[in-house]
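Asks: The listed protein sequences correspond, in order, to chains A and B. When we follow this note's numbering, the leftmost residue of the first sequence carries the number 1, and every step to the right adds one. When we follow this note's numbering, the leftmost residue of the second sequence carries the number 1001, and every step to the right adds one.
Possibly wrong hints are sitting among the right ones.
[Said to hold, decoys possible] Derived lysine-lysine pairs resembling DSSO-like cross-links, with alpha carbons at most 30 Å apart:
#	chain 1	residue 1	chain 2	residue 2
1	B	Lys-1332	A	Lys-138
2	A	Lys-310	A	Lys-214
3	A	Lys-160	B	Lys-1442
4	B	Lys-1449	A	Lys-61
5	A	Lys-82	B	Lys-1449
6	B	Lys-1067	B	Lys-1003
7	B	Lys-1165	B	Lys-1274
8	A	Lys-251	A	Lys-155
9	B	Lys-1442	A	Lys-75
The hints are simulated quantities; they were obtained by calculation from the structure and are not laboratory data.
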Amino acid sequence: MSMEEKQNSQTFLDFNQNIFNPSSREEIAEIIRNCYKKNIPLEINGSKSKNKIGRNFQAEKTLDLTSYSGIIDYKPEELYIKVKAGTPINSIIEELDKHDQQLAFEPVDFGFLFNGKSNNGTIGGVISCNFAGPRRFKVGSARDHLLGFQGINGKGEIIKSGGTVVKNVTGYDLCKLISGSFGTLSVLTELSVKVLPKPQSSKTLIINNPHIKKAIEYLGTALSSSSDPSGGVFYPEQFDQSFTFNDLTHKGALTAIRIEGPSNSVDHRIKNLSAELGLLENEYSILESVQTKIFWNKTKNLEIFSNSKKNLLRIVVPISETLSVLQKMKPYEINYFLDWGGSLIWVELEKINLKILREIKDIMQQHSGYFTIIKVEDDLKASADIFTIDPIKYKISEKIKKSFDPKRIFNPGKMYSGI
Amino acid sequence: MPKVDNSIMTNRDKIISEVKKIVNPDNVLSHIDEIKPYETDALAAYKQIPLLVVLPETVEEVSNVLKYCNENKIKVVPRGAGTGLSGGSLPLKDCILLAMGKFNKIIELDYENRCVVTQPCVTNLAITQAVQDKGFYYAPDPSSQIACSIGGNVAENSGGVHSLKYGATTNNLLGIEVVLMDGTVTRFGGKAMDAEGYDFLGLMTGSEGLLGVITEVTVKILKKPEVVKAALIGFPTVEDAGNCVAEIIAKGCIPAGMEIMDKALTKATNDYSKAGYPIDAEGMMIVEFDGTEHEVDAYIEKVKNIAEKNNSSSLKISKSNEERLKFWAGRKAAFPACGVLAPDYMCMDGSIPRGKLAEVLKEISRLSKKYDLPVANAFHAGDGNLHPLIMFDANNPESLRKCEEFGADILKYCVKVGGALTGEHGVGIEKRELMCEAFNDKDIQQQLKIKVALDPNSLLNPGKVYPILRKCAEEGRVHVHGGKTKFPDIPRF
């Protein structure tokens, strides 16, 4: 049987089931072709670690990609790993560990937030949501690490873009377009992701400083210095119970800066940086490698919000606007911490309603930023805009959606109503 | 190229007078003497006089022109500095060439957010020059950076020798303002990272002027590293050099730049620039690290050990910045050095997996014998970007034909070993017909649907990137005759 005939045959698919669990690309393509023919919307899932993010939508059937899993090709010396979309992040990390390599963009583990325990999800989900960890300002987001992909469009056609080499300008860069598209453009099948060596050493300079204004100054100076930091966060005082480390000599608010690289260089840069920030000896502590790893994992994985019953917003603004935005947010009784050197604000709100969301949206507009609702109570989720979009971009998004998924069968309405 | 629309040609005068009503009439060029300079970009083998040239001064004018052209079905070809090597801004006979040269001002230096907001026709190097007194720089450094525009860099997703560590344009871009073919003005991205929704910023980057006209660019800037040092290493075989590259990376070192030249190019460039290269070596490597002194020294020491293990025959470490620049001087003179060896040469631009270098060079050497044309190879080993220079004589039609076939065979082989048709020069018209080597019909159709979504009448830079006829033609190179390339003084690749 030729590939063409095989693709058109319907021998292995029971279409009466509501949850499809395909383990081959041909099965996935056949499911989609059927759904396309019959106008059946699909909810596309990996391990559901992030499926609460996004709008509520109705889909008749579910496409579960967790059985489409496995490492296809890993070439440490070529700095890439090629995997099936349903491959758990944990399996990838385990494999990369053997060669002292890593996914440098630090995929965020939303398991703690939604279920109180780790759930790193699948690579397909991580790319589809494009949320990057603390190293974002230095190495880019998930989208910057996707070298190539193969996917299936809304008509069931297999498409690809990019490859496994870092330098490739052949045709439109669809890798960027599908990153952060929340499964609304294409069902991903294979992903080639850039990997990088783990730093030999990694330490954290923690400054004893309770003031947000001063913290933003410290972070700004650090990020603009030759010390080349790879993380910069501020935790206000109320979270100090979450951070007990042997090397941490003070209680209260934390301004933390991560420095990574060869051991002697890390020590040298930490010394230079503390001098550049004008810190006295009793004003800072230095976390060694193991504690550094724990600290930044906690940060990346939002562990301070573990099992929180409150609402959570992810706010991104230019660093120059962070302080003003926080001041304007004060009336809403927020808990927050800063990541990405101050331009990512994770905000927990006790109380939220449409009026408050509208007001926050106005604040974002005044300060050239945006917010995404990560967690919100169910009745509000049905009516609120999870993502913000202006009419021009909505129109363009509608057309792009149509070019991939003409009958809107992939996660319809997950990002925006009508898309 | 797309079929010429004769109704546009016959209505030329009417179009000129109408365009003069929507933009400053002084900036509408229609006399042959005025528009001839725009007939080609740096892929000078192809020439075409456009219908007319418009030099807009404001975003509103860009929008007006596009809207007018969209309504009247007139093709538009956008152009920055015209330094592109793949013919991306080659005019069409019936097009309005939208030359963005007047968008040449830097708008804002924002150190607090570590970014620069600029108009698109500011040169790549001018951005670094504007911020270097504060110790900052813009990382992507295509070799033509003294002349190429940042808008063109965005359109082509330009790279440079430091792409492995610092990424290409797409990884250093925060936002753009863009005008779509229907005249809509919008912004993608901005000073806040990772804008929500579909990543149109990423889609536009590298779209070669087919999806929109860029009118403003926001790029991130980085603090200059404390120290930069380079090592110059000779190897008895190219395999040894290739193995050394693989081991450097496998051992966890990410150099800022890593270059390999084969014996032919090492000798040619050394003769030309007296760079002090090991001319007996079959493969020569320049590897550069940046960072703090400690960090750089630690990496250089590591590389020294790895090189020795891989049979290196010579090794020199730069003791000063002057010496480091001398190491690079020969490499950067690769173009003129080849100009001495042969009347003409073509520069190819394929990407390959680093580990395939020896195999690909062997194949190139086999093809060189088959076509009876000499070739010299430069390789951005850090990011796998290979630039073979094929020497030929354009006055001999048979030599030119052989050279073209040779070039196409190399690119096809790059794709075959898991690489790409173009690493940084773009597809343009140059490699258009080779797209079917990299993509099947469904892949190309999906890309064309995106084009149709944003430009339904296919008026913006048509005929570029995507094959018009389904044939794998023997195209794909930069052709230089007698050293007379466009802007011969600009360093290349």
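Asks: For each hint given before, does the structure comply? Return the numbers of the non-compliant ones in rising order.
Replies: 8
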